[in-house]
Amino acid sequence: MRDVAVVGFAQRQMAQFDGSPTCVELLVPLFGECYEQTGWTRRDIGFWCSGSSDYLAGRSFSFVQAVDAIGVIPPVNESHVEMDLAWAMYEAWLKIQTGEVDTALVYAFGKASAGVLRRTLALQLDPYTMTPLWPDTVSLAGLQARAGIDAGAWDERAMAEVANRSLTDAEKNEYAIRKGGSSVDDLLSRPMYADPLRKHDCAPVTDGAAAIVLAAGDKAREVRERPAWITGLAHNVDPISMGTRDLTRAPSAARAASGVDLDGVEVAELHAPFSHQELVLRRELGLADDVRINPSGGALTGNPMFSGGGIRVGEAASRIWSGEASKAVAHATSGPALQQNLLCVLEGRI
Amino acid sequence: MAKQPAAVVGVGQTHHRAKREDVSMAGLCREAIDRALLDANMTLDEIDAIVVGKAPDLFEGVMMPELFLAEALGAAGKPLLRVHTAGSVGGSTAIVASSLVQAGVHRKVLTVAYEKQSESNAMWALSVPLPFNMPVHAGAGGYFAPHVRSYIRRSEAPTHVGAIVAAKDRQNALKNPYAHLRNPDTTVESVLASQMLWDPIRYDETCPSSDGACALVIVSEDVAAASPNPAWIHGTVMRSEATTAAERDQVNPQASRDAAAALWKQAGITNPIEEIDAAEIYVPFSWFEPMWLESLGFAEENGGGWRLTESGATAMDGQLPVNCSGGVLSSNPIGASGMLRFGEAALQVRGAAGEHQVDGARRALGHAYGGGSQFFAMWVVGSEKPSN
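So the protein sequences, as listed, match chains A and B. Sequential numbering from -7 applies to the first sequence in the numbering used here. Sequential numbering from 29 applies to the second sequence in the numbering used here.
Don't read these hints as lab results, they were simulated from the structure. It should be emphasised that the depicted structure is a prediction, and the values quoted were computed from it without experimental measurement. It is possible that part of the hints are untrue.
[Said to hold, decoys possible] What follows is a list of derived Cβ distance ranges for each label pair:
id, chain 1, residue 1, chain 2, residue 2, range
1, B, R210, A, R35, 47 to 55 Å
2, A, R182, B, G170, 50 to 58 Å
3, A, W126, B, T215, 48 to 56 Å
4, B, T298, A, Q29, 36 to 44 Å
5, B, T272, A, D36, 19 to 27 Å
6, A, G24, B, G296, 33 to 41 Å
7, A, A106, B, A46, 49 to 57 Å
8, A, T33, B, R181, 31 to 39 Å
9, A, G251, B, D227, 35 to 43 Å
[Claimed, not checked] Chain B regions said to be covered by chain A (calculated; three or more residues, Cβ under 8 Å):
id, region
10, 111 to 117
11, 268 to 280
For glycine and all other residues, C-beta sits at the position ideal for the given N, C-alpha and C.
Isolated chain A, as found in the complex (with noise of 0.2 Å):
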């Protein structure tokens, strides 16, 4: 395998764009910090890839004219994923692990707040037998949560506690759209949404962007002191019918640890969009109690559909280029109830 290192990042989180922003306004500026960071100009990228959703976008093709941010003039060696930013980011690590290039940027973006995300989310299921039922994310959550009470996994207290370590983290965060930690107890007096989820368990609506830049070997080198190698990429994916699938636990984020070495890992950014999904997480990752989870503040304080994913990923390397972690892991995941899931391990040296 080739050395292949996280060298860049850009986020934008927010609870609703102003006005209706097109995704080329929405982007240039990220990929404007992209090239800040790497004395790069667009013509130095290898290989770009994005992420979206046309669903969310409510129309076909909305990745077409996020190549004009790009400046697709003259034309690149681009492709798209209907997945979050993390998997665009695996296809283009695949591709610099073929030799074709070295370089790679990758972006995603989503405006969550146009529909009604839960009941957009439900378009997702089966649509023979469960999308009729419009069964929406925040209860299928809702039962996930009160699986896991009944069959004595967690309690609401260890929810509360999630909630209020990321409210709190995100008070650090300027791209945290939810933050301000109180007490356990406070946490728990608040009213519930969908039972046994209470709002701070659920992460917010949020509108976004990410980017991402990898790059090889000595390329990495003349970017960064401290590269955020990537040391190991897996991901996996379980089957979606919530009836046979034991929603205490995610066998796909087992597996795809199993792929991977996650021993010394000091820094865990997780992807849990819902407070007793971080405990899931931590028990299928097997991350021993001093691991830090979620320094950002998670997605439970800012979740842009298709790059909360990879801004975990992006606050994992961050950790890494400053020095303050020598070893962290990131997560995605994509699917009601944590279906689908992919973790990215990075460290300083290799």
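Given chain A, work out where chain B should sit, using these hints.
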């Protein structure tokens, strides 16, 4: 580490029809997957990873359908990727699947692309009004007709060349048991007599709207050793450009020319028309055959393409047989159409194309494009292991 050799050892496709009401989306995909696995002499359990491709989710009305399909596709417990690059997606998906093997990450990869157009309405899905955008509301034919007119004007092409392509591809389709359209009576004259839809594109010069899927099994060198007839991947390429820009040449887009140049270089090909034995080119409207022949470098610009077509060189027994399977003009499950081109190219060099086999085909081109002639995906496959 250098790029690892990869080969196609299994190709499967569905019987393409306007409405496959006998199967669900999962059933449609499995029909192609099961044929590909049988061809590869493999089971789903042996597969390391699965790559799914399809065009817009609005075509079936399911957001990210690979999630609900995961279990039926055999992806549960495995890595699953979903590619979407507009009309070129079937080709791009095959390329992503190849890169999993070429990167040395996996040894046995299954890829499937599909479209079940009858579940929804493609015209509706393509006609959602967008703020600040000029509505087309004319379908793909209305969009591409001006490009075709421009080609005819520039190249001074006689107007019956499109009909030659349509008649040829519909006759070729009769030799492909999976083809959607089976019109034995189609001739140049009958095409020219058909209804004008988007001048100069007539009804018989347009692709159908199909339900269908295509699947490929792509494996590493050691696994391919067990196959009697692997199709080795000699080169893959993807290029994209903008939909609209004043300096764009929509008839012969730079992304297409750049992609072709990069592909031939990768595959070690210096004279495509001499060195390629069969081509499966994405031709949704008849005139795109001569247009792409020029753009791909098989013929001179501004006229070489139509002269090649008119001379019969692109017929099954010609110098460069194009779309022996009947092509997109005979079967068009949009998301799968590109992979069908890639898969049919593989069948040719494996000597497994049945009645539409080109004798002794050793190197073949698979080609797909999408969006407003702006996304391109291509590969060259060969019967011999690549030397480079």
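Legend entry - Within 8 Å of chain A's CB atoms, at least three CB atoms from the region 111 to 117 of chain B: coverage verdict: holds (count 4)
Legend entry - 8 Å C-beta criterion, at least three residues: is the region 268 to 280 of chain B covered by chain A: holds (count 7)
Inset, instruction - State, for the Cβ atoms of T33 of chain A and R181 of chain B, whether the hinted interval 31 to 39 Å holds or is violated. - result: For R181 of chain B against T33 of chain A, whose Cβ atoms are near 38 Å apart, the range 31 to 39 Å holds.
Inset, instruction - Just tell me: holds or violated, for the beta carbon distance of R182 of chain A and G170 of chain B against 50 to 58 Å? - result: Since R182 of chain A and G170 of chain B have Cβ atoms about 55 Å apart, the given range 50 to 58 Å holds.
Inset, instruction - Take a look at whether the Cβ-Cβ distance between G251 of chain A and D227 of chain B falls inside 35 to 43 Å. - result: violated (56 Å)
Inset, instruction - For T298 of chain B and Q29 of chain A, compare the CB-CB distance with the range 36 to 44 Å and indicate the outcome. - result: Holds: the Cβ-Cβ distance is about 41 Å, inside 36 to 44 Å.
Inset, instruction - Confirm or reject the claim that A106 of chain A and A46 of chain B have a C-beta distance inside 49 to 57 Å. - result: At 34 Å between Cβs, range violated.
Inset, instruction - Could you check the hint for me, namely that T272 of chain B and D36 of chain A are 19 to 27 Å apart, CB to CB? - result: holds (26 Å)
Inset, instruction - Go ahead and decide if the range 33 to 41 Å is satisfied by the Cβ distance of G24 of chain A to G296 of chain B. - result: Check passed, 39 Å falls within 33 to 41 Å.
Inset, instruction - With 47 to 55 Å as the target window, see if R210 of chain B and R35 of chain A comply at their CB atoms. - result: At 49 Å between Cβs, range holds.
Inset, instruction - May I ask you to test the hint 48 to 56 Å on the CB atoms belonging to W126 of chain A and T215 of chain B? - result: At 52 Å between Cβs, range holds.
Checked against the numbered hints listed earlier, the structure breaks hints 7, 9; every other hint is satisfied.
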